[in-house]
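Using the hints, position chain L against chain W.
First to last, the protein sequences are chains W and L.
Quick note: the first sequence uses our numbering, first residue 287, plus one each step.
Quick note: the second sequence uses our numbering, first residue 287, plus one each step.
To give a feel for the contact side, a few chain L residues facing chain W, derived at Cβ under 7 angstroms:
1. P308
2. Y309
3. T351
4. T386
5. W389
Just so you know, these hints were derived from the structure itself, not from any lab.
Just so it is clear, CB atoms sit at the ideal spot from N, CA and C, and this is done for glycine as well.
Protein chains: 2
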Amino acid sequence: MIVTVTLNPALDLTYAVDALVPYGTHRVATVAERPGGKGLNVARVLHQLGEPVLATGLLGGATGTRVAELLRHEGVRSGFVRIGGETRRTVAVVDGSDATGFWEPGPTITPAEWALFLAEFRELLGPATVVTLSGSLPPGVPLDAYAVLIAHAKRAGVPTLLDTSGPALRHGLLAAPAMAKPNAEELAALAPGPVVAAARALATGPVVVSRGAAGLVAVAHDEVWECAPPVPVDGNPTGAGDACVAALSRGLRDHTPWPELLADAVALSAAAVAAPVAGAFDPEVYRQTRAAIPASASGGSRVRTHR
Amino acid sequence: MIVTVTLNPALDLTYAVDALVPYGTHRVATVAERPGGKGLNVARVLHQLGEPVLATGLLGGATGTRVAELLRHEGVRSGFVRIGGETRRTVAVVDGSDATGFWEPGPTITPAEWALFLAEFRELLGPATVVTLSGSLPPGVPLDAYAVLIAHAKRAGVPTLLDTSGPALRHGLLAAPAMAKPNAEELAALAPGPVVAAARALATGPVVVSRGAAGLVAVAHDEVWECAPPVPVDGNPTGAGDACVAALSRGLRDHTPWPELLADAVALSAAAVAAPVAGAFDPEVYRQTRAAIPASASGGSRVRTHR
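Looking at chain W on its own, in the form it has when it is part of the complex (with noise of 0.2 angstroms):
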């Protein structure tokens, strides 16, 4: 199975309201749960692929057995820690014209809840294809926590793909994971100029950089490959980088090679902007995109090799 990791998950709530008013008070005309945080988000697309998945990471509180619940509901196995803190929630009130978000701080882990979830974490190792590591770190977890993990992973043999920003990217980059996926703004900043230079200065393992409608670009030891969807996709990009993640674990897991890997990432990502919110994909804009691209490096497509 994959194991995803998402140590500062979120319930995620989404109101709908007439008209936002600055200072007034609405009344809510629905209210949609879900679990948030990107990691959940690659747990839930690989569930919908039927892949065999486990979510874990950090719950804590009535939020975080909500999280948990809403999961269950979706039929995701999940093997949490529970901490004391709370987790956090998300709010966004959307009206007619756009949203606007509200972002809880995370809870703060102790060193013994750490110390707890390290030690779930080498448990899960055993049955683990792949592991990916997704979003923020909490406050009070280590800024080279995803390089602990990467590390344990690697002990175990169990390939590692990390997806995350700032110094947690920097820190984990470190320990040299199998993949990692930056969207092109993360990777600026922290290496600015061209993507592959900054890609190959940052790490030394493969890097798959997202950049939107553009697709993606995998810079490996001595190859570059590049994958766009063949025509742009209209909806909601929260999530693209996820379902991205979800297609690459698999493909790490199944040895895929890079044209098909690419192929398959980019058609789920666009498969997730048709679909209204993050963690979900269209099955059917999944089916013609993956058709759309050949599958192959000689057939044509837009992916290339550099050596």
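Quick look at chain L alone, frame taken from chain W:
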């Protein structure tokens, strides 16, 4: 003990942000979580006064669990009936200027859940000295819900205090509670015109009308009493009406005469305005305001009698 009924409670969240930016994303600096709903404020004020109190009503889901947990942390005894729906949240986003509110809709109550609550309520009438009935009715509960509860309490010899609005108030008044406490707007919405005439048109029993900084008017069978705070109090008026109900409920139990009763209710309301959050009061403001209002009708205060 005084039993407070809250059929539509909430988890009240207050988000502090630097500045509200419509269609922006906000990092919330601090989150305050409090049990919400008028009846829970009544219970918390009574508990702070040292009065034996039990909070009952309907709670569901992880949010309901959190409300019960917060009450337990404050030491407030509660006995809520669990429902299948999720208790609602309210979110108040506060910046340097003002507050912007988002109110989730309440869960819909099933007939079976309402029947369960009625059975629980009748059990609680045994040890109850007074019952307060506060706030709106959630969807699914009959419009005459408060009238039914008042009738049950009457049969058990327990006086009731009704604080609600709209059809729930109109229907509730038909069952003749021992006292009602609408505010001036709620009364005017059902019966326009002068307060005393409106109260007598709607209710056969005593009605205490709250008028914000202008204080209270009590319309009894053949008397009208008035009492206002001696000095204006700056602060947060949310919850002042609930503090008033807390004072009135204690007075109902103790058969406190009108002048003392209104003086106490005015002082406790003012002390609630002086407290930063609903469901609490400033003990020093309570003491000082109470001392500044003569306790008898002949004391030269603003209390007067009409026959």
